[in-house]
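Number of protein chains: 4
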Amino acid sequence: MKKRKICVVVTARPSYSRVKTVLKAIKQHEHLELQLVVAASALLQRYGTAVDFIKADGFKINAKVFSVLEGENTTAAAKTTGLGILELSSVFENLQPDIVVTVADRFETMSTAIAASYMNIPLAHLQGGEVTGNIDEKVRHAITKLADYHFVSSDDAYQRVIKLGEEESSVYNTGCPSIDLAVPVLKSKALSFNPYQKYGGVGHEPDLSEGYLVVMQHPVTTHIQESRQQIEETLKAIDKLKLPTFWFWPNIDAGADGTSSGIRAYREYNELKHVHFFKNMSGEDFLELIFHCKTLVGNSSVGIREASFLGVPVVNIGDRQNRRQRGENVLDVECETIAISKAIQTQIKADIPQSQIYGQGNSGKRIAELLAQVELKFHKTICY
Amino acid sequence: MKKRKICVVVTARPSYSRVKTVLKAIKQHEHLELQLVVAASALLQRYGTAVDFIKADGFKINAKVFSVLEGENTTAAAKTTGLGILELSSVFENLQPDIVVTVADRFETMSTAIAASYMNIPLAHLQGGEVTGNIDEKVRHAITKLADYHFVSSDDAYQRVIKLGEEESSVYNTGCPSIDLAVPVLKSKALSFNPYQKYGGVGHEPDLSEGYLVVMQHPVTTHIQESRQQIEETLKAIDKLKLPTFWFWPNIDAGADGTSSGIRAYREYNELKHVHFFKNMSGEDFLELIFHCKTLVGNSSVGIREASFLGVPVVNIGDRQNRRQRGENVLDVECETIAISKAIQTQIKADIPQSQIYGQGNSGKRIAELLAQVELKFHKTICY
Amino acid sequence: MKKRKICVVVTARPSYSRVKTVLKAIKQHEHLELQLVVAASALLQRYGTAVDFIKADGFKINAKVFSVLEGENTTAAAKTTGLGILELSSVFENLQPDIVVTVADRFETMSTAIAASYMNIPLAHLQGGEVTGNIDEKVRHAITKLADYHFVSSDDAYQRVIKLGEEESSVYNTGCPSIDLAVPVLKSKALSFNPYQKYGGVGHEPDLSEGYLVVMQHPVTTHIQESRQQIEETLKAIDKLKLPTFWFWPNIDAGADGTSSGIRAYREYNELKHVHFFKNMSGEDFLELIFHCKTLVGNSSVGIREASFLGVPVVNIGDRQNRRQRGENVLDVECETIAISKAIQTQIKADIPQSQIYGQGNSGKRIAELLAQVELKFHKTICY
Amino acid sequence: MKKRKICVVVTARPSYSRVKTVLKAIKQHEHLELQLVVAASALLQRYGTAVDFIKADGFKINAKVFSVLEGENTTAAAKTTGLGILELSSVFENLQPDIVVTVADRFETMSTAIAASYMNIPLAHLQGGEVTGNIDEKVRHAITKLADYHFVSSDDAYQRVIKLGEEESSVYNTGCPSIDLAVPVLKSKALSFNPYQKYGGVGHEPDLSEGYLVVMQHPVTTHIQESRQQIEETLKAIDKLKLPTFWFWPNIDAGADGTSSGIRAYREYNELKHVHFFKNMSGEDFLELIFHCKTLVGNSSVGIREASFLGVPVVNIGDRQNRRQRGENVLDVECETIAISKAIQTQIKADIPQSQIYGQGNSGKRIAELLAQVELKFHKTICY
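In the order they appear, the protein sequences are chains A, F, D and Y. Anchor point for the first sequence: position 59 equals 59 in the working numbering, and the numbering is continuous, going up by one each time. Anchor point for the second sequence: position 12 equals 12 in the working numbering, and the numbering is continuous, going up by one each time. Anchor point for the third sequence: position 68 equals 68 in the working numbering, and the numbering is continuous, going up by one each time. Anchor point for the fourth sequence: position 83 equals 83 in the working numbering, and the numbering is continuous, going up by one each time.
It is worth saying that the hints were derived from the structure and are not from the lab. Some hints here could point you the wrong way.
Any copy, or any two copies together, can satisfy a pair, since identical chains are not distinguished.
Here are the computed lysine to any residue pairs in the SDA-like style, where the Cα-Cα straight-line distance is at most 25 Å [unchecked claim]:
no., residue 1, residue 2
1, K279, Y269
2, K55, L95
3, K27, N120
4, K55, T75
5, K55, N280
6, K236, L208
7, K198, Y269
8, K279, F53
9, K187, D285
10, K279, D52
11, K377, T337
12, K163, V131
13, K5, N73
14, K2, E284
15, K377, E30
16, K377, T75
17, K377, N322
18, K5, Q45
19, K2, I338
Throw the hints in and build the complete structure from the sequences for me.
Structure below.
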């Protein structure tokens, strides 16, 4: 029996964690052949060079696609997407995949979705049906309308994809593959590595024996001008609390420079003695880091997803995670210094149960199995 | 008061007829400034050089965007879209529109939708919410998820856009602007021009005194290999009927070459003495032509839309128009010679009432007025 | 010993004949590995689908690059070149060639030259140093300045590349590989195939027993508007002479549509009873066809090159071949009906000796051998 | 009389200084209309945001072209060039210039040259005919072969362009417009501004009363991997000398990241107490800064050109400036710590006369006058 060729396109560091166990399960599946394409910011040093982690994990890369345009405005995001389509269409023509897989909702994922669907290649979408609060929102639902198979992460998302007019037979609540990575962490008794030694980073190196916070806050692209001001609210809150803190640099976005320059500017005039900055960390280590943290602060979807499975308290700032389904671990706040500060103080004392709303830890295998079994098709009609 | 800059992107000959009265109404509106971009196949001779009609109608063109890639496969469609994004993002950056308007559902319209939405420019979409049977289907609903305002053509489409999770306050059933062009035709007593003299074309010039058929059949892109065979079914039906027939060349598509070469091949071996071929015709003349025809044959949306307003009998072939709302004028058939032949014989005797399901003939003005009044926004969240 | 990877990019039908024996010799060379890229008009039906001939000749294609933009103006030529660079840079990154080979001087060949030289891949150029009379002239010499190895076709060209400041050690007069293909033809006693049966084509099928002419006339791109008028001069001359004639369709160029539409228009109003039109022919058959013709008419470089080796009389029209070195077989004329007509009458009676100014028939092997032996380098400085 | 439209494309910070007085002279010329396009790294913060200086100088920008692709390899340089062609061809189509002007030899300038020459727009090239030692060398001479007018900077360059086969009537030794900017500096008695206050920058702020060095060292792109090591040689030399030093960040190049990261790494482990780093400075201030410095160190062409006019001692490192004509002010050294160190010690004591080999300070006006007078043409043939 000829193996099905499954082409997965990874365009950013966070997407890689979201799809890693899927890649592994495809690679190990006897009826599947993995074709791995690494594209856009996943190739760039500025955004954590996801490609190095991918190689280190033993995956063979079939094609690299350089497509990120430099620029301080939203025009660059549009052009990056256009360039991605030009490049990926050539890649797909060479690889002739049976199914293309696109992950989540970043703007560049649209390149994958358009190239595949216009070329009549069946398209699978991971993590559709969720609700957030910026351009990702438009992108995610538009990809749902282009995709032929939907592997969603929660019941909430499942219901929403159905409401969007997709056939029930093409929507599967597989849970989120990022949860799979959290399974081994559940057994961890204490941080098994020294973050300063293993990941370098910059800033002071506070003592961690009394616990620590983790901050990960991305810009909200539709408010470019405000991204600098927003990051300052969080910086002030963290600065005042004087708790040991690991701060993660934001990933690429039209507004990324606002956030990055906001951090740089703040650091120039404030010592931030208890804060250490990282550009990136392996997914496994990051999960262990938050599993043992007192509270995760910011607007990353990790707080909604993996943190709920791990039972980690989260202060979720602003509307970026908007209406994504939440476990009991999440406390939502406005992007305002005092509110953030108070919420952190509440959460560091909270007792949070573990939850399975985003999966049971076997999503990668379930998705690979479905990719091997679904009927190949690229033709659909809205259900109403 | 500063005028709102409304940038309309026209990418194909048929889209131009769909938006012409909107362009006129924007141009005449005291609070609006029209920015007209002509792109993709609308610039090319092979597809009827829509740009010449646009100029002849007195519109000033702000930018031309060459983006059509040559090729006999679907890769070219993907690349054309990618290139369109690269080019249109520069155009939008120069023109700084307040609202961008994209029309209908052809693959290149996605370029407009992505460039505008990624650049945080409010996006209006005309003719969303309909249902057809090929890649257009995916494109149309994906654009609905990217667009901020929806000017739909029928009640059916209105309901569908709402179901797709768009806010009621952003969806307007304006009717289809193409219907506006049909209003003056209603008064026509007989064909006011000689099509052979006015439009040239190729083939025999049958006598029209006993009535005539009009054929317009586009390829169905997801079945590229079959497009040649499909066009032959219709060619055979028309050939046998021996009725005077005007046949219109198909517009660009990934499968266009199958259809075109099918026609060419058939003509080499068959005389088709009663058939005359046209590449294109002004929208007004075309409507007059079908208003006086005995039956319109093919799979064009004109049969569903303008023909219903005019009360013209239609034989609609195959699933291209799929589930678009139909008036009483439409008889659907499989793409098979005998079925087509029988349906034509039925329809040429039919008595068809006029219908307003696709509008009352004032859509252009209504849309211009709405563009002047809607709140500017590019931020939305799904309604469920 | 590891084989050197030699990547040859073929972008048009005529280039393929120019490089075919090189491809064969690379493929057969024990220390070389052939990487074949087929791009631009070489992939398109409108321009003779060179790719089909390439496959039929048993070559494996490593990558196809769709890059031709549709359009009736010079903008499309620029954009095709830009797109070619985007695509070829990805191809080179995947194939990691040791040397890239680009052929001749068509505008798209610049894409190959820029992608390779910017990526620090040693670049070999075939057929530099010649002189013609349009945009090719600029392109050819610019590529010489980007290339690291020069395989030129004549002594004249050799001297010119040296004068352009290239090091003697990097310039080789290998003769033109297209001459290699002409070697077997020298033994042909009479036309071994029926052109009508083997290649179809359109138009009348004149009797060939008394001999025939061959016409191949390309547009001169810097005079776009005039290309239609120019082709008419030749059409009139041929029409009057009433000699059996094979006419070959022009290849792609910014002005191609002028030439093509000129031919179409002329045919509509004139019978041309003795003329038969072809889109293309295998290189071998074409050479046999001209070897037995009474005179080759037009502005193709075949008249300068292969025809001199074969001793075929040529009427060379206009300045397209400009100052390329000529054998005794060439009679130059202005693009004017009477001059063309008279020149043909002179040439059909002429007795032409065979010449080796463009090579001895072993160029493919010499070039492959050099590609195996040259020092790999991509760094050079002008010699004065 | 209708004004000639002169379109100048500026793609990088250094090019702007090279063309600023030309822009001014075109703007002021009664028969010329300036069309200014700002593209590539000239738009980016990382490379000094030349666009802000351009605006501050009162120039109106007709179009911005975002074309820089992110990436750590030479592929990005190729792609940036391809993208530039795609974008600039649209710009030229909209602006319809009579002449396009391209400056110097950076890889992106090829985009301008190709778009203009393929579109049959007369192309003027500034600063052709010089000799350096990397990819610029290939680019510069290739552009000479595409250009129709050559405005060269020295007699040496004039001779070389003639040898390249250009007609004498199209080559003009106008001197270098960058020299024009140096004219007012000749009158300066002492540094008229405080660099720390006016330009910020990072690093220590050494006392300048005893004089200072200026360093500007760009990566040499054909040795990407070595660029980091090379910058370290200079860093060590400067570090040892302990003289007050202004160090300028390198501009974009395929190897830029090697140089930048080399500087960053060195700074982490070494204090460099007497070194201050700048990203950029207005051309005028920079010239004043070097006019009063003890020695200019690095491989910038400023050392060869403006510094000779100003009589500033220069230590020129490595082969980047290769065989460009030198005044008596230049001392060439290998890229090696001790050699650099010794050369600086020699130069800071040297007595250097002023020279006019690169112009007399009126180049901008001469070039504008020529642009107004030259015959418009885009057709040329090599002179031998």
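Looking back at the hints listed earlier, which ones does the structure fail to meet? 11, 14, 18, 19
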